[in-house]
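Using the sequences provided together with the hints, build the complete structure.
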Amino acid sequence: MHMSQISTSRIRSWITLAMVLTLVVALATWWLKRDTVPRTIHFATGIAGGMYDLLGSSIVDSLAKRTESSVEVKNTNGSKENFDRLVGGEFDLAIVQGDPDRIEEISVITPLFREYLFVVARKGSGIETVGQLSGRKLCIGPKGSGSRAAALKMLEHFSISESTLGPEADLEFSELINDPSLEAAIVVAGIVHPELREVLLTNQFDLIPIQSAAALELDMPFIRRVEVPRGLFAEQPSVPQEACPTIATTAYLVCRENASTDLVEAALKAIHEENLRLKVPTLVSRAEAVGLTPTRFHPAAQRYFNPEDNLGEMVGVMESLVATKELLFALGAGIYLLWLRWRRMQEKELQEIVQRQKEHLDKLLTETLRIEKKQAETSNPEALRNYLKSVTRIKLQALQEFTEEELRGDQEFAILIEQCSSLINRIQLKLLSILFGQESA
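The letter at position 130 of the sequence shown is residue 995 when you use this note's numbering, and the numbering goes up by one with no holes.
Derived by calculation from the structure, the hints in this document are not laboratory data. Glycine included, every Cβ here is placed at the ideal spot set by N, Cα and C. Wrong hints could be hidden among the right ones.
[Unchecked claim] The calculated BS3-like cross-link candidates involving lysine-lysine, where the alpha carbons are at most 25 Å apart (straight line), are: (1) K1223 x K1260; (2) K988 x K939; (3) K1213 x K1223; (4) K1213 x K1239.
[Said to hold, decoys possible] What follows is a list of derived Cβ distance ranges for each label pair: (5) E970 x E1138: 24 to 30 Å; (6) F1023 x A1099: 24 to 30 Å; (7) G1302 x E1232: 25 to 31 Å; (8) Y1201 x L1083: 35 to 41 Å.
This is the structure we're talking about:
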């Protein structure tokens, strides 16, 4: 019995431990995968004073209030640097240009505004077409900027490679004002870009049309042909003097794929549910967002822009199931194996108990046979009384100890009980006979 209790106790301990471990693992998994907003949100914008910087600074307060986190706006060289440092984990949010080579590495939160590619040439330089930029002193922006990347792709279409550009190519386009030797510049900017307006209002520069805008649109998935309307920047004189065809890309607010849902939702509300359009008139509306995003949204953004579409929610559920199915399967298999082990040990313990009781039963049968033989050989009343006590004790012991149904149904058990009862009767009758005989004498 003692051995049985120890084994059963051990199995119970294993099962209890398995349940505790299951709970601990479940809590740890929840803790590690719970949706948390960083205490400090690192937000990459662009060059100080530019459109990226303007928009980033405009949503800081709303974003901080909605997330209850501090927000640090970081000025950078632009889109390419933002891509690299966002993917590298340095930033939580970033503003980038649509780039088919990089956009699949991250998730889009929302398109922000159209960015036009402006080719600006100094009056009197003789530059009237993009093709005439070859061999000229041209600046396209610092390395790592989105403006430079877009300019190089456009120049490549006109067979102008980066290797043919001089060191002045790394300068900001605003240097056109300070450096008279610069003949032209290419810049990608929003319509309300303050430095672009400052340069054009000097009346020293012309906007050069991109007559191949339609061809560029077909060649680049994030490019659209657009037209800069006459007099957009000024009148009397008009800047530009006539409608100017060009191309445009889109600036996006992006994050990593594993970004917090709460962070993404807060950013969306800060952009589309505040009065941001008063500061950024060209801000893409919520209704236009899906049409301007030829790639995947973050799941939280997908639900935001398509509330009637349960795809985003289903994707989230499926991702959760995929992430936990191995754990659940392992835990289920472990518990099932423990249960099987427990059942087998129970059966083994029961068999051991029955076997030990059978061995004990055999000893009791042997003892009753010995007593029966001894009582038949004596007429001593005292000895007979002792034999009677022994047999009675054997019978009571058998009834108390042999509790298993399998054993109680055994023929040996029935023989023992019958033999004990018969022997008790014979000893009692023999004692009565001896006592009556003594009284008669």
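Review point. Is the hinted range of 35 to 41 Å satisfied by the C-beta distance from Y1201 to L1083?
Key: Violated, at about 60 Å.
Exercise for review: For the pair supplied as a hint, K988 and K939, confirm whether the alpha-carbon distance does not exceed 25 Å.
Suggested key: Distance of about 36 Å is beyond 25 Å: violated.
Practice item. Sort out whether K1223 lies within 25 Å of K1213, counting only the CA atoms. Key: holds, 15 Å
Check your understanding: Is 24 to 30 Å right for how far apart the beta carbons of F1023 and A1099 are?
Key -> Holds, since F1023 and A1099 (Cβ atoms, about 28 Å apart) stay within the stated range.
Check your understanding: Between E970 and E1138, does the C-beta distance stay in 24 to 30 Å?
Key -> holds, 28 Å
Check your understanding: K1223 and K1260: Cα distance at most 25 Å?
Key -> Holds. K1223 to K1260 sits at ~15 Å (cutoff 25 Å).
Review point. K1213 and K1239: Cα distance at most 25 Å?
Key: The hint is violated at about 39 Å.
Check your understanding: Does the Cβ-Cβ separation between G1302 and E1232 fall within 25 to 31 Å?
Key -> Since G1302 and E1232 have Cβ atoms about 29 Å apart, the given range 25 to 31 Å holds.
Consistency with the previously given hints fails for numbers 2, 4 and 8, ordered from lowest to highest.
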